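K.L.:
Single-letter residue listing:
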Amino acid sequence: MLGLPFFKGVRAETLPSDLGDHPLVVRGLTVSYGEKPVVFSLDMTVQDGSMTAIIGPNGAGKSTLLKAVLGIVPRLSGVVAVYGRSLQASRRRVAYVPQRASVDWDFPTRVLDVVLMGLARDLGLLRPVRDRHRQRALDCLDRVGMRDFADRQIGQLSGGQQQRVFLARALAQDADLYLLDEPFAGVDAATERAIIRVLKGLNADGRTVVAVHHDLSTVGDYFDHVLMINVRRVAEGPVATAFTEANLQTTYGGRLETGHVDQLNVGKIHVD
Amino acid sequence: MGGEFVMLSLTPILIGVLAAVACALPGNFLVLRRQALIGDAISHVVLPGIVVGFLLSGTVNSWAMMAGAAGAAVVAVALIELIRRLGGIEPGAAMGVAFTSMFAFGVLLLEQSDTSSVHLDVQHALYGNLESLIWVEARGWGSLLDPVALAGLPPELPRIAVVAILMLAFTVIFWRPLKISTFDEGFARVLGMRTNLIGFGLVIMAAIAAVAAFDAVGSIIVIAMFICPPAAARLMTNRLEHQVLWSIAFAVFSAVVGYVLAGYGPLWLGAEDAVSAAGMIATVSGLVLGIAALYAPHRQRSGAPADA
Numbered sequence: 001m002l003g004l005p006f007f008k009g010v011r012a013e014t015l016p017s018d019l020g021d022h023p024l025v026v027r028g029l030t031v032s033y034g035e036k037p038v039v040f041s042l043d044m045t046v047q048d049g050s051m052t053a054i055i056g057p058n059g060a061g062k063s064t065l066l067k068a069v070l071g072i073v074p075r076l077s078g079v080v081a082v083y084g085r086s087l088q089a090s091r092r093r094v095a096y097v098p099q100r101a102s103v104d105w106d107f108p109t110r111v112l113d114v115v116l117m118g119l120a121r122d123l124g125l126l127r128p129v130r131d132r133h134r135q136r137a138l139d140c141l142d143r144v145g146m147r148d149f150a151d152r153q154i155g156q157l158s159g160g161q162q163q164r165v166f167l168a169r170a171l172a173q174d175a176d177l178y179l180l181d182e183p184f185a186g187v188d189a190a191t192e193r194a195i196i197r198v199l200k201g202l203n204a205d206g207r208t209v210v211a212v213h214h215d216l217s218t219v220g221d222y223f224d225h226v227l228m229i230n231v232r233r234v235a236e237g238p239v240a241t242a243f244t245e246a247n248l249q250t251t252y253g254g255r256l257e258t259g260h261v262d263q264l265n266v267g268k269i270h271v272d
Numbered sequence: 001m002g003g004e005f006v007m008l009s010l011t012p013i014l015i016g017v018l019a020a021v022a023c024a025l026p027g028n029f030l031v032l033r034r035q036a037l038i039g040d041a042i043s044h045v046v047l048p049g050i051v052v053g054f055l056l057s058g059t060v061n062s063w064a065m066m067a068g069a070a071g072a073a074v075v076a077v078a079l080i081e082l083i084r085r086l087g088g089i090e091p092g093a094a095m096g097v098a099f100t101s102m103f104a105f106g107v108l109l110l111e112q113s114d115t116s117s118v119h120l121d122v123q124h125a126l127y128g129n130l131e132s133l134i135w136v137e138a139r140g141w142g143s144l145l146d147p148v149a150l151a152g153l154p155p156e157l158p159r160i161a162v163v164a165i166l167m168l169a170f171t172v173i174f175w176r177p178l179k180i181s182t183f184d185e186g187f188a189r190v191l192g193m194r195t196n197l198i199g200f201g202l203v204i205m206a207a208i209a210a211v212a213a214f215d216a217v218g219s220i221i222v223i224a225m226f227i228c229p230p231a232a233a234r235l236m237t238n239r240l241e242h243q244v245l246w247s248i249a250f251a252v253f254s255a256v257v258g259y260v261l262a263g264y265g266p267l268w269l270g271a272e273d274a275v276s277a278a279g280m281i282a283t284v285s286g287l288v289l290g291i292a293a294l295y296a297p298h299r300q301r302s303g304a305p306a307d308a
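Sequence lines, in order, name chains A and B. Number 128 in the numbering used here belongs to position 128 of the first sequence; there are no gaps in the numbering. Number 240 in the numbering used here belongs to position 240 of the second sequence; there are no gaps in the numbering.
Be aware that a few hints might be false.
[What the hints assert, rightly or not] Here are the in silico distance ranges between beta carbons for each label pair:
no.: 1; chain 1: B; residue 1: Ile291; chain 2: A; residue 2: Asp188; range: 35 to 41 angstroms
no.: 2; chain 1: A; residue 1: Thr250; chain 2: B; residue 2: Gly290; range: 57 to 63 angstroms
no.: 3; chain 1: A; residue 1: Glu35; chain 2: B; residue 2: Gly265; range: 57 to 63 angstroms
no.: 4; chain 1: A; residue 1: Thr250; chain 2: B; residue 2: Gly88; range: 40 to 46 angstroms
no.: 5; chain 1: B; residue 1: Tyr295; chain 2: A; residue 2: Pro57; range: 48 to 54 angstroms
no.: 6; chain 1: A; residue 1: Ser41; chain 2: B; residue 2: Ala78; range: 50 to 56 angstroms
no.: 7; chain 1: A; residue 1: Glu35; chain 2: B; residue 2: Arg239; range: 16 to 22 angstroms
no.: 8; chain 1: A; residue 1: Arg132; chain 2: B; residue 2: Ser57; range: 54 to 60 angstroms
[What the hints assert, rightly or not] Facing chain B, a subset of chain A residues (Cβ under 8 angstroms, in silico):
no.: 9; residue: Tyr33
no.: 10; residue: Pro37
no.: 11; residue: Lys67
no.: 12; residue: Ile72
no.: 13; residue: Pro74
no.: 14; residue: Val79
no.: 15; residue: Tyr83
no.: 16; residue: Val103
no.: 17; residue: Thr109
no.: 18; residue: Arg110
no.: 19; residue: Arg121
no.: 20; residue: Gln153
Source of the hints: derived by calculation from the structure; they are not laboratory data. Please read all numbers here as calculations on a predicted model, not as lab measurements. All C-beta atoms, glycine included, are put in the ideal place defined by N, C-alpha and C.
So here's chain A without its partners, still in its complex pose (with noise of 0.2 angstroms):
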């Protein structure tokens, strides 16, 4: 469609029958770094219209199976379905937010520019950023409060409007899957509600959202799934039933104290 071999077209990966339409389905995924591996033969479903956690430790292979599922590190074995089909072909219904640190905030570009680049597969190789798509940006960083900002140089903003940032250029994908690396990581109190308050917004839309998390604390507030691994699946459900003592001790092993557990009120629904 756009022509050119710097867009991957859409391929047919043969996919087994039986994965269903999830938003995303995971089997059997291994990825290494090296010799070790990071992710081993992990499974995972994440149901329609959820906002599902991905906890476990440092080196857990959080961000990897993120980045695996993606296509943005080589997987060694296993099966990734996203809405029945194969990354490829679902492409348009995924947006990602990757970790702040993971790009250079020098780079020279407004806020702005970074919030088009969410449109880039509309506007493909040459087809000019007209009025409605700056619109359609400004209006992405609205809904993160950023918009005030839009002409500012992004070097010049803190870590936490960084981080709307990203989001706002998810938003401008469009997508129906939002799978998310720390979104919380290093920022503010205020603009983790926002942040917060964009993706419940998302959910409430019927959209689904994926969160790679690292505070046990909230686990309970933001999401109602949780995917707990340590390079291998430990445990995946509902909140309710899942996120458990016993299930936080073998994803963590004897780093948690049992105090430390006690003070997350594992276990406790709560409802908004």
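Go by the hints and put chain B onto chain A.
P.N.:
What follows is chain B alone, placed relative to chain A:
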């Protein structure tokens, strides 16, 4: 005055300008990708290829030398990958090993073979022969409309012009993939862009610019123009679109001012000879970068965000 200028200075200045712009354009992205050393590496590794191309074809300034240079670039890429895999070392170190040894091999080959009959030596490899690319048939500005005189243009001029246009076309057509994948490679992949292909295409383009410029003006200019104009331009603005325009302006300025200073500077200072134009052009581009580093408006790096 006009006739002498068109004959002796117009074509060297044009070739210098086009070579500078052809290198500066891909240089913008190489600098932002922290790959500026690739320009340096390419201009070193092509030397043995050019010598082999010459030895096989027996003439200078031929397409055989360009083909040899391209072949050497491919060998270098394979060699770097091999050293990296076998040695288990980081790409920068593998690159360092590959390009210094290939350059040394090129110099050896040059010294051992009989190239005395032609103008091909280490001096030429470094500084090129910009001053000698004169337009003998020119009789004044009117020659620009005279087909007979135009046929006598040095062949380096149309060659570097084609390459400069190619670089411009590549930058304009692939602007979005280049920009997005340079800023955020992971996101570019999620959009479905083939980031490996984009990165590889950029290196190939840089190699073409390096080889074409090397042919006319030597490797000193190539190394300087990949880095100095884009780096100085980055300090002038916070927008990539403007940075690329600034880098073109700095490249043109360096080429013109460098050429004039090389020809007349020593005379103004009371000396008799001219100095190497390529060396002076590289010097001017370095001075531009130095001045930009001291006085340009966007020198401050934002650094790590305060709350990280």
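K.L.:
Against each hint, give a clear statement of whether it holds in the structure.
P.N.:
Hint-by-hint comparison with the structure:
no. : hint                                      : in the structure
1   : B:Ile291 <-> A:Asp188: 35 to 41 angstroms : holds, 39 angstroms
2   : A:Thr250 <-> B:Gly290: 57 to 63 angstroms : holds, 60 angstroms
3   : A:Glu35 <-> B:Gly265: 57 to 63 angstroms  : holds, 60 angstroms
4   : A:Thr250 <-> B:Gly88: 40 to 46 angstroms  : violated, 35 angstroms
5   : B:Tyr295 <-> A:Pro57: 48 to 54 angstroms  : holds, 50 angstroms
6   : A:Ser41 <-> B:Ala78: 50 to 56 angstroms   : violated, 35 angstroms
7   : A:Glu35 <-> B:Arg239: 16 to 22 angstroms  : violated, 44 angstroms
8   : A:Arg132 <-> B:Ser57: 54 to 60 angstroms  : holds, 56 angstroms
9   : Tyr33                                     : violated, 14 angstroms
10  : Pro37                                     : violated, 19 angstroms
11  : Lys67                                     : holds, 7 angstroms
12  : Ile72                                     : holds, 5 angstroms
13  : Pro74                                     : violated, 11 angstroms
14  : Val79                                     : violated, 19 angstroms
15  : Tyr83                                     : violated, 15 angstroms
16  : Val103                                    : holds, 5 angstroms
17  : Thr109                                    : holds, 6 angstroms
18  : Arg110                                    : holds, 7 angstroms
19  : Arg121                                    : holds, 6 angstroms
20  : Gln153                                    : holds, 4 angstroms
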